[in-house]
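Chemist: Here's the letter readout for the chains.
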Amino acid sequence: MTHYDFEVTGSKVARCHIKVDMVNDNFLELIGEIIGPPDTAYDGGKFKLEINIPDTYPFNPPKVKFVTKIWHPNISSVTGAICLDILKDQWAAAMTLRTVLLSLQALLAAAEPDDPQDAVVAKQYKENRKTFTQTARHWTNVYANGPHRECELEKILEQAKNMGFDEHKARVALSSSDWNLERATESLLTS
Amino acid sequence: MGNCLKAQSNDDISLLRGHDSQDSVEQALGPPPPYQEHVQQRMPVYHPAPNVSRTASQLTEEEQIKIAKRLGLISHLPTGIYDGSSKKGKECVICMGDFAVGEPLRILPCMHSYHKDCIDDWLMRSFTCPSCMEPVDAALLTTYETS
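Chains as they are written, first to last, in my numbering: chain A, 3 to 193; chain B, 953 to 1099.
Extracted from the complex, chain A is given alone in its bound form (with noise of 0.2 Å):
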């Protein structure tokens, strides 16, 4: 039996929204999903996560990044790599596969923009709240199979994309720049 079977069976995992795969039948490499938390621009997405358990785990983390693009301060829009201390110099021996998901979910809930991964979401956070919350939203609806629309937003991206903009490209433009549809054609033109 390996050291992560037992780490997240049981009855909390329903209730809590969090998943473990095995992919190629290779305990190694998993996939991971949380669902986003109540409440927040996430709620209802699904997020599938990539991890990677190293030779020394448990006294290594497991390598974990986002596979669903997802728009948040701590998390690589482009990348899907994840700024959390607990991956990182914050790890400790008896935390487990469970505890990672769980903390990931809270960080869904509760970003730490002065501890950013993505500067441009980071940014947003800090000065546009509106907006980013907007974003978050919209990106959870578009890649997260996420419930709640973002009708607003749709419209302006709809022109981008009536422009000849490819759609995930003008998204990002538009996402960086505040959904400014002058700003964003500016950044795809030149870019």
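Using 25 Å as the maximum straight-line C-alpha spacing, the simulated DMTMM-like pairs for lysine to aspartate or glutamate come out as follows: (1) A:90 - B:1015; (2) A:90 - B:1086; (3) B:1018 - A:91.
Quick caveat, the hints were computed from the structure, so don't treat them as lab data.
Keeping the supplied structure of chain A fixed, place chain B upon it in accordance with the hints.
Modeler: Below, chain B alone, put in the same frame as chain A:
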């Protein structure tokens, strides 16, 4: 005190070698815990910092001293044999295995206990309790001051 950084070359770490022979040490440790089976090596590997793994001959002098000090401090922490009483907890939260009667345990100053092999491996990387994050050296010093 019996510090014993085991290495094949005697030159640079001769000062740190104790009197324990390799055989007796390995006997005392017993079989490796299951999660270590696949990384079992003849040469012991040390961790001067988390995420850094080196064999004894690759360590700098400073790292050797740090590791020797750490080994010394660990040897001061109380150990015990699990006797089936639930006072010490029933499970080692590092390997998640249940304690079996007769297994050697180590008890940290915060009273959290683990399989001796499991916690010693962790303490070489980070000198904190994996359950409560209490720094072990601070607690050790307090113990000295009050006793």
